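Peer 1: Sequence:
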Amino acid sequence: MNHSTRVILCAAVCAWAAAETLSAQTYSWRYYRPTNTGIQGDYCDAIWIGPDDDPWIGGYVPSFEEGGLAKFVQGENRWINVSNVDYPEIGHPANTGITRVRDITPDAQGNLWMGTGRGVLVFNPTVGPSSLKRYDASNSPWPGGWVTNIEIAPDGTVWASGYATAWGGGGLMRFNPATNAWTYLGSARPERLAIQPRPGGGYYLWAADGPGYSTPAQRYDSTTQTWTTFPSTSGNPRNLPGNNCVDEAGNLWIYRVMPDGFNAVLDCRRPDGSWVGVPAHPGGGAEVLRAFGTLQAVTDGGSQMWRFNGTSWAGLGDWGNTFWTYDVAIDSTGAVWACGIGGAAKRNPQTGQWQRYRVTNTSQYDFFNNDLAVDQATGHMAACANAGTGYGGMVLFDGVRWIGFNNAHYGLGNDWPFPTDNSESVGFRPSNGHIVVNPMYGGVREWDGDGFITLQTGTTVKGFTEDSLGRLWYIGEYFNLQYHNGITWTQAGITGWGGHIQPDPERPGTVWAATQYEVVRTDGAYRFSRTVASFPELTTQSDYFSGLAAAPGGIVWIGSTVHLGIGGAGGALIRIDANTGAYQMLRYDQGWPLPGKYVAPRAVTPDGRVWMAYAVDNQTPDGGGLCWYQPADASTGVFPGPLGGQPQWGGLPHAQIEACAVRLVPNGYELWMSCMSRGIAVLTVKYALPGDINGDGHVDQSDLGVLLAAFATCSGDPGFDPAADIDGDGCVGQSDLGLLLSSFGQ
500 MNHSTRVILC AAVCAWAAAE TLSAQTYSWR YYRPTNTGIQ GDYCDAIWIG
550 PDDDPWIGGY VPSFEEGGLA KFVQGENRWI NVSNVDYPEI GHPANTGITR
600 VRDITPDAQG NLWMGTGRGV LVFNPTVGPS SLKRYDASNS PWPGGWVTNI
650 EIAPDGTVWA SGYATAWGGG GLMRFNPATN AWTYLGSARP ERLAIQPRPG
700 GGYYLWAADG PGYSTPAQRY DSTTQTWTTF PSTSGNPRNL PGNNCVDEAG
750 NLWIYRVMPD GFNAVLDCRR PDGSWVGVPA HPGGGAEVLR AFGTLQAVTD
800 GGSQMWRFNG TSWAGLGDWG NTFWTYDVAI DSTGAVWACG IGGAAKRNPQ
850 TGQWQRYRVT NTSQYDFFNN DLAVDQATGH MAACANAGTG YGGMVLFDGV
900 RWIGFNNAHY GLGNDWPFPT DNSESVGFRP SNGHIVVNPM YGGVREWDGD
950 GFITLQTGTT VKGFTEDSLG RLWYIGEYFN LQYHNGITWT QAGITGWGGH
1000 IQPDPERPGT VWAATQYEVV RTDGAYRFSR TVASFPELTT QSDYFSGLAA
1050 APGGIVWIGS TVHLGIGGAG GALIRIDANT GAYQMLRYDQ GWPLPGKYVA
1100 PRAVTPDGRV WMAYAVDNQT PDGGGLCWYQ PADASTGVFP GPLGGQPQWG
1150 GLPHAQIEAC AVRLVPNGYE LWMSCMSRGI AVLTVKYALP GDINGDGHVD
1200 QSDLGVLLAA FATCSGDPGF DPAADIDGDG CVGQSDLGLL LSSFGQ
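Residue numbers for the sequence shown follow the working numbering, so the first one is 500 and each next one is one higher.
No lab work stands behind these hints: they were computed from the structure. Given the structure is predicted, the values throughout are model-derived calculations rather than measurements. Even for Gly, the Cβ is constructed at its ideal location relative to N, Cα and C. One thing to keep in mind: the hints can contain errors.
Simulated crosslink set (EDC-like; lysine to aspartate or glutamate; CA at most 20 Å straight-line) [unchecked claim]:
id : residue 1 : residue 2
1  : Lys570    : Asp1106
2  : Lys570    : Glu588
3  : Lys1185   : Asp1106
4  : Lys570    : Asp585
5  : Lys1185   : Asp1195
6  : Lys1185   : Glu1157
7  : Lys632    : Glu588
What follows is a set of in silico ranges between Cβ atoms, one per label pair, in the way DEER data are often shown [said to hold, decoys possible]:
id : residue 1 : residue 2 : range
8  : Gly910    : Ala813    : 31 to 39 Å
9  : Gly1149   : Gly1229   : 31 to 39 Å
10 : Pro1092   : Asn594    : 39 to 47 Å
11 : Gly950    : Asn594    : 27 to 35 Å
12 : Ser630    : Met1084   : 50 to 58 Å
13 : Asp551    : Asp1116   : 36 to 44 Å
14 : Thr723    : Pro848    : 54 to 62 Å
15 : Asn762    : Gln1147   : 28 to 36 Å
16 : Pro1217   : Asn594    : 51 to 59 Å
17 : Asn594    : Ala1081   : 51 to 59 Å
18 : Val626    : Asn594    : 18 to 26 Å
19 : Ser1033   : Pro918    : 39 to 47 Å
20 : Val572    : Pro1092   : 42 to 50 Å
Let's have the full structure, built from the sequences with the hints guiding it.
Peer 2: Written out as structure tokens, the structure reads:
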């Protein structure tokens, strides 16, 4: 064989192997919801300030029972999320209380011990999510109820207490790290705990109820291992004002019974049993308190927060919701944090101003995003978003942090100056990097980075796109297809209810648009159109189009019903060639290779696949799941989703896909999807890298070393490594080396 022949053969083999590798793809999922982004919920029951002065906050959304623990990295303005959306170890949303962190207490090894509605959760921030471990009725003597208080004793033992619920009992239990065993101590003790140093060595464990109860306080002596009950009589301790009531000097903040034997006043009790005599709390008392330093504390009370400096009280103002404050903390700079219903807030010790943190200014704050769009140039994503009545607009993701456009951003987002709390459609303009949005029933508005520019008022938009000439197009709700040349709008015309719109991948200034009745390719002057009536297989009485996916070469893919309501047994996938007018139709009733009965095309990706939502019946044309079809070989793939969006880990989270956008990434692409009731799901599709012999996702020296060690061997020879046989011809040779070198460094 001469040299030129070998070169040609090698090139052919490399091309074949590259094509085979392109078809060998891997898939991974990630999700963005209010419950695993930002603060993870507006219900925040616990807060702990780490050694770096950054807070860890327990946040959740009760209606979805999702959330967990999130750290705010203040210096980088980003959040680290540990949520049951991503980590099954936290627990399944079907179990009420599973994500609700009520108390956070660190041990000497850096573990965070957390009380939750279903037992104890342990997490080590240094190790990360792999350290998550839950102790509940399935693996400990805990009877299954709500753990509200956790204390770590000087000897390392962990004390946990809580109350009974409909799903399990409460009581007190202790974990001994030396034996790695729990001991249940019954349900006869009050719920709140505090550990105070004992004069002469050892410690006291106090157990008491919160303010307002007359239950006598109890105290455990670690030295004598006995309990003492303090009657509710004048001068005795009775109620604990929170979960963190002992300061660094060992003083215990606890309510002292008044002479009438009924009422009690907040005071501080030294380890020797004497009382400090703290001045009366200006707010009438505290339900939540954090002790620190010597005789210092921050508390709630009345209509604001308070700080005691050792001699007197000072008001700290209202953090945002002092009627539902669940925890309070203070960092090394004197900045006070508070949390409860309504998120969390930090008080600047210099200015006295509180900065709020909520889902509306830290998170992807919607479970039902109406639309989304991706900026290919920056990778940014914008989505319609609503957090509740009166709170919403849209949200922008820069790849690290979420920026809210609404009227509850507290200075950390952008105003939403429209009389609505949601938006219908959103898009990016590649020509200038701006975002276009349709506030609900509010026309076309363009965000230029500083404010909104009004391009049109009073219309409803079902989809935006920009053509290759930089003109903005939209498809409206009824018989409405328009484009904007930078000065005026021009009606291009379309029949039916909108709809979908995409740019033509090749033809200058051209878009594809579709309603339930007509699909159009146009640049404003040129026009190609097909309607339901154009296809003899369909009936204009009941059939309709669904979806739209534009492909190179003047090709478009649409879905359709076939004789719906008059004996039809399914749908069709139609491929239309605008250059010739020809079409091909795959039909369910003729044995198509697709899942379900109906499909709605969403996108054509660089590998030639047509991605579609599929449905199991005609009532959910955009439901059932996600699938792809490869026209080159009629192969298919399917990602089913639960029809009701039932909680699961991995895969498509809901069958109903409201919107879909493609983002190109190195060696593959991503499908960004709005999945109703499950926020935003992202499917990453990666092509296998030729030459990634060790499977680490990179082609580098280690792969080259493996190949060279097996070079010039064939199957059956000593030293042959099948992983180095990249082209699959049974030998390791020049073609394999060429394929590896073509991907080297990726």
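Peer 1: Could you work out which of the previously given hints the structure breaks and list their numbers from low to high?
Peer 2: 1, 6, 8, 11, 13, 14, 15
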